[in-house]
Structure formats: structure tokens, C-alpha cells
Amino acid sequence: MTAPLFSLFKQWLKQHGISLVLFDFDDTLIKTHDVFSTQIQLVYDYLEQILKIERDEIDQAFQQFNREAFEKHSVIPFDRWQYVILQLQEKYQFSDEVRDHCLGLLMEIYDILPEIFDGVIELLAGLKAESIPVALITHANEKWTNNKLDGLHLRRFFDAIHIVDERGKKTADSWRQAIAEHGVEPQQVLGIGDNVKGDIIAARQAGVQKLVWFNRGIGWSVYLEGELPEGVIEINAIDALIPNVLAA
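Residue numbers are given in the working numbering: position 77 of the sequence shown equals residue 77, and the series is strictly consecutive.
Hints in this document: simulated from the structure, not taken from any laboratory.
From the three backbone atoms N, C-alpha and C, an ideal C-beta is built for every residue, glycine too.
Where hints are given, some of them may not hold.
[Said to hold, decoys possible] Mimicking DSS-like on lysine-lysine, the simulated pairs with C-alpha atoms at most 30 Å apart in a straight line are:
#1 91 - 72
#2 31 - 197
#3 197 - 14
#4 197 - 10
#5 72 - 197
#6 14 - 128
#7 10 - 128
#8 169 - 72
#9 52 - 14
#10 169 - 197
#11 72 - 143
#12 143 - 31
#13 31 - 128
[Stated by the list, open to error] Per label pair, the in silico range of CB-to-CB distance:
#14 247 - 115: 24 to 30 Å
#15 113 - 247: 29 to 35 Å
#16 68 - 156: 34 to 40 Å
My request is simple: use the sequences and hints to build the entire structure.
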């Protein structure tokens, strides 16, 4: 991405009355799901060895309990994973030692810094150089979010960080509240995220008209559910954001 491209993007924002670019964080700017996937696969490896059952069966049970855990405990780290492992323990009758080892593997997720997607630093730096207001809206544990922002040196790019309560869900009200804190109307926001319901649909319900869905093609199945609202721009790489918006 070149300086003229950012200048054109700034002009596009002005022409469309956009005063704020509001990004989701996990799996929009950083590869959070990859960390989850790696640790979950380690749990599968361990249980496959201990239980002597097919990996596909373990995966099916784990994913079922993970969906239940998300509904019951949202994204609260310990509560979510404790539920999953206790359900697996009840189903397969393994020892407390096995239970604790699996839970430990999953809790290690929150000690690992995800990688940043290609092009993100260049994108955020270019927006900052053009003095384009940029904020973050994320639904995750607050301590973990701050560790990621500081560990990856990304905080410097954002005018504000909005963390949705980990005990709830990312909803239209979450977007409205974040937007209101900037003193702008939803129609003055460009929203970017990967979660169809929590980002795209919720933002549209909040009144955001200009939306970009980052469809990586992988990730949590629950985040891919839902019908995209009309007019949403779809990208498959975050560094394609500006070219696709300008071409839309």
C-alpha cells in the first residue's frame, strides 16, 4: 500500500461522510484463532493417546461442548474451558489428572501472543499518518486484550479501545455504545470485522451502513453463521481493505 492510496482512501471517507474507522480485533487484525486451534489440537493429541479413540470423535464432542460453553459462559477464559473439559470428563470418564492437564493446555492460550496479519501494521500506520480516526471494538477478556495490544505494540494506532464485557455478547448495543463515545452517528462509521453476527449484523442493526467483512475462510463456525446484510464489502485479506473499499 502506497501513500497515494491512503490519500485516496481519506478522500473516499470524506465523500461518504465517514468520521471513524472501527475495527474488530481478534481474527480481523491478529490471528487469534490460530492460537486456539494449536492448543486444542494438543488436547486432541493427548486425549487420543490416553483414551485410544478416534480423533474425529474427540473433535465432534469437543466442538459440541465448546458451542455450549460459549452460550453459557461467553468468552470468560476459565469458565468456558472448565465447562468443556468437565463435559468431556463426564463423557469419557478420564481421571482428574487428565482433566487438569487438558485444562492447562487450553489456559495456555492466554499466555501466547497471536501473530499479526500481513499488512496490518502498514494499514494502521498509513491511516494514522493521514490522521484518520481509528478505534477498536473487541469482545474478549480485558487483561488478555491489553496483553495482546501491548505485547504486539498495536495500542499506539488506536484513538480508543472498546472492550465488550466478556460475560455477554457483542451486540448492536455494544456497537452503539462504542460509536456514541466518539460523538459521531453510526452512519459516519466504517466497520470492519470477521464475525457475521457479532460484527457485521450487529453493526448494521446499530445503524452502521458501511461495513467490511473479513472472510478468512476458517475460524469458529459460530462466527460464520448468519446472512450478510445488503451492501457489505467482503475481503479475504486485511491488506485488501482499502483497494476493495475504493472499488466498491
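Mind checking the alpha carbons of residue 197 and residue 14 for me, to see if they're no more than 30 Å apart? holds (28 Å)
If you draw a straight line from the CA of residue 52 to the CA of residue 14, is it 30 Å or shorter? violated (61 Å)
Starting from residue 197, check that the Cα of residue 10 is at most 30 Å away, please. Roughly 28 Å between the alpha carbons, so the hint for residue 197 and residue 10 holds.
Range hint 34 to 40 Å: satisfied by the CB atoms of residue 68 and residue 156? 39 Å Cβ-Cβ, so the 34 to 40 Å window holds.
Please verify whether residue 31 and residue 197 have alpha carbons no more than 30 Å apart. Cα-Cα ~19 Å, so holds.
So if I understand the rule, the pair passes when the alpha-carbon distance is 30 Å or less; does residue 169 with residue 197 pass? holds (10 Å)
Could you grab the alpha-carbon distance between residue 91 and residue 72 and see if it respects the 30 Å cut-off? With Cα atoms ~19 Å apart, residue 91 and residue 72 stay inside 30 Å; holds.
Would you mind confirming whether the straight-line C-alpha gap from residue 169 to residue 72 stays at or under 30 Å? holds (11 Å)
Take a quick look at whether residue 72 and residue 197 sit within 30 Å of each other, Cα to Cα. The given pair, whose Cα atoms are some 17 Å apart, holds under the 30 Å limit.
Is residue 143 close enough to residue 31, meaning Cα to Cα at most 30 Å? Holds - the C-alpha atoms of residue 31 and residue 143 are around 18 Å apart, at most 30 Å.
Need the status of pair residue 10, residue 128: alpha-carbon distance at most 30 Å? Given that 30 Å is the threshold and the Cα spacing comes to 11 Å, the pair holds.
For the pair residue 247 and residue 115, does the Cβ-Cβ distance stay inside 24 to 30 Å? Distance hint for residue 247, residue 115 holds at roughly 28 Å.
Comparing the model with each numbered hint stated earlier shows that hint 9 is the single one that does not hold.
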